[in-house]
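Colleague: Can you build the whole structure from these sequences, using the hints too?
Residues per chain are reported as follows:
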Amino acid sequence: MKLRRTMLFMPGNNPGMLQNAGILGADSVILDLEDAVSLDEKDAARVLVRNAISNLNFSGCEVVVRINSIKGDYGYDDINVIARVKPDAILVPKATEEDIEEIDEMLSIIEREEGFKLGSIKIIPLVETAIGLENIRETILASKRNIAVLLGAEDLTADMGIKRTREGEEIFYARNRVASICKAYKIDAIDTPFADVNDIEGLIEDTKRAKSIGMTGKTAINPRQIDYIHDVFSPSREEIEYARRVLAAKEVALKEGKGVFSLDGKMVDAPIIQRAETILHKAKLAGLIRE
Amino acid sequence: MKITNPAKAGSLESSDIFIMVFPNEDGIEIELESIVIKQFGKRIRQVIEETLKELEVENVKLIAKDKGALDYTIKARVETAIRRAM
Chain D
1 MKLRRTMLFM PGNNPGMLQN AGILGADSVI LDLEDAVSLD EKDAARVLVR NAISNLNFSG
61 CEVVVRINSI KGDYGYDDIN VIARVKPDAI LVPKATEEDI EEIDEMLSII EREEGFKLGS
121 IKIIPLVETA IGLENIRETI LASKRNIAVL LGAEDLTADM GIKRTREGEE IFYARNRVAS
181 ICKAYKIDAI DTPFADVNDI EGLIEDTKRA KSIGMTGKTA INPRQIDYIH DVFSPSREEI
241 EYARRVLAAK EVALKEGKGV FSLDGKMVDA PIIQRAETIL HKAKLAGLIR E
Chain C
292 MKITNPAKAG SLESSDIFIM VFPNEDGIEI ELESIVIKQF GKRIRQVIEE TLKELEVENV
352 KLIAKDKGAL DYTIKARVET AIRRAM
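Residue numbers (my numbering), protein chains in the order written: chain D, 1 to 291; chain C, 292 to 377.
In short, the hints are calculated from the structure, not lab data.
In silico lysine to aspartate or glutamate, EDC-like type, Cα no more than 20 angstroms apart, as pairs:
#1 C:K299 to D:E41
#2 D:K71 to D:D159
#3 C:K293 to D:D43
#4 C:K358 to C:E322
#5 C:K352 to C:E320
#6 D:K42 to C:E304
#7 D:K211 to D:E167
#8 D:K211 to D:D231
#9 C:K356 to D:E41
#10 C:K352 to C:E322
#11 D:K211 to D:E277
#12 C:K299 to D:D43
#13 C:K344 to C:D362
#14 C:K344 to C:E322
#15 C:K299 to D:D40
#16 C:K352 to C:E324
#17 C:K358 to D:E41
#18 D:K86 to D:E102
#19 D:K42 to D:D73
#20 C:K299 to C:E340
#21 D:K208 to D:E154
Keep in mind that this is a model prediction, so the values were computed, not measured.
Modeller: This is the structure:
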């Protein structure tokens with residue numbers, strides 16, 4: 001399990017930001033060749049990001065590159081240049097089943113040519129159209145490289161012709177669909193960014209809302225958002241304490257030969273034990289506990 | 292690689308370097324301005340020369356205005372400017 005609570009977008013043609021990407025505290029960074037780069041700088045950003053991945057130390061942070069769509073003029077060149085320096089993953093905008101199949105094949109060819117382990121470069125489809133949302137299952141099944149799905153609500157609501165709001169009621173269905181399908185296929189569900197970087201209260205509420213329906217992480221568009229998102233997605237002290245008590249009670253029950261037992265007057269069964277184990281594992285990955 | 296037209300890459304923002312290249316008949320000519328010329332002038336020039344060599348460029352006039360770029364940025368901006376000039 002890899003923690004992917006935050007994925008921080010960094011503009012791909014900004015050297016000053018790229019070289020600080022690894023020290024800002026995000027679990028993943030997304031070096032962006034798409035929307036953050038103007039059309040006349042696509043070539044420059046591609047070379048800069050390639051060099052950044054080859055030369056900079058990202059301090060153990062997962063490095064993801066958002067390429068341009070392979071339906072346009074830049075996507076194929078992006079993959080051909082970027083995959084050769086082995087980013088952890090490629091983020092595919094407006095991903096379709098066909099796009100993912102084609103990118104999977106391209107990555108396999110490049111991995112063979114470069115002597116990388118086959119399948120080592122992962123893929124994250126970006127769901128940001130109505131058709132993309134409805135076909136998400138097929139898109140996930142199109143490649144074993146898929147490790148997460150990222151929901152892009154700005155483009156999705158534009159495609160739907162509806163207004164994007166601070167409360168996010170309009171993406172309730174999209175979040176549920178992404179969270180449920182990702183859970184079914186055991187991959188991460190990454191929530192859309194919260195656009196107002198000055199509205200911290202709104203960010204926290206939005207992140208809690210996403211977490212409550214099963215999203216496992218969230219994109220950030222400013223380093224200031226990272227800690228607040230981590231606070232929401234990391235297990236709380238109370239959750240960790242309860243999880244420890246559940247597992248301790250389980251040990252006692254096992255010794256006494258009981259299959260089902262109770263804690264604080266409530267029945268504890270397999271799903272609760274599993275949740276407790278997941279919480280402690282996440283807490284360990286987040287550095288909140290040692291064992 | 293043969294430079295056939297003038298081209299530029301990079302910017303004057305902090306941590307970046309602005310590169311302009313022009314066709315030249317007499318080998319490699321480099322004009323460098325940098326906010327850290329005293330400390331890193333030699334190194335920046337060396338990185339530019341190495342990048343031109345890797346790209347097999349033998350004749351070019353290159354003007355660089357550096358704002359504290361690291362090596363990876365200098366190499367990227369020189370490469371982009373050269374590819375745009377072909």
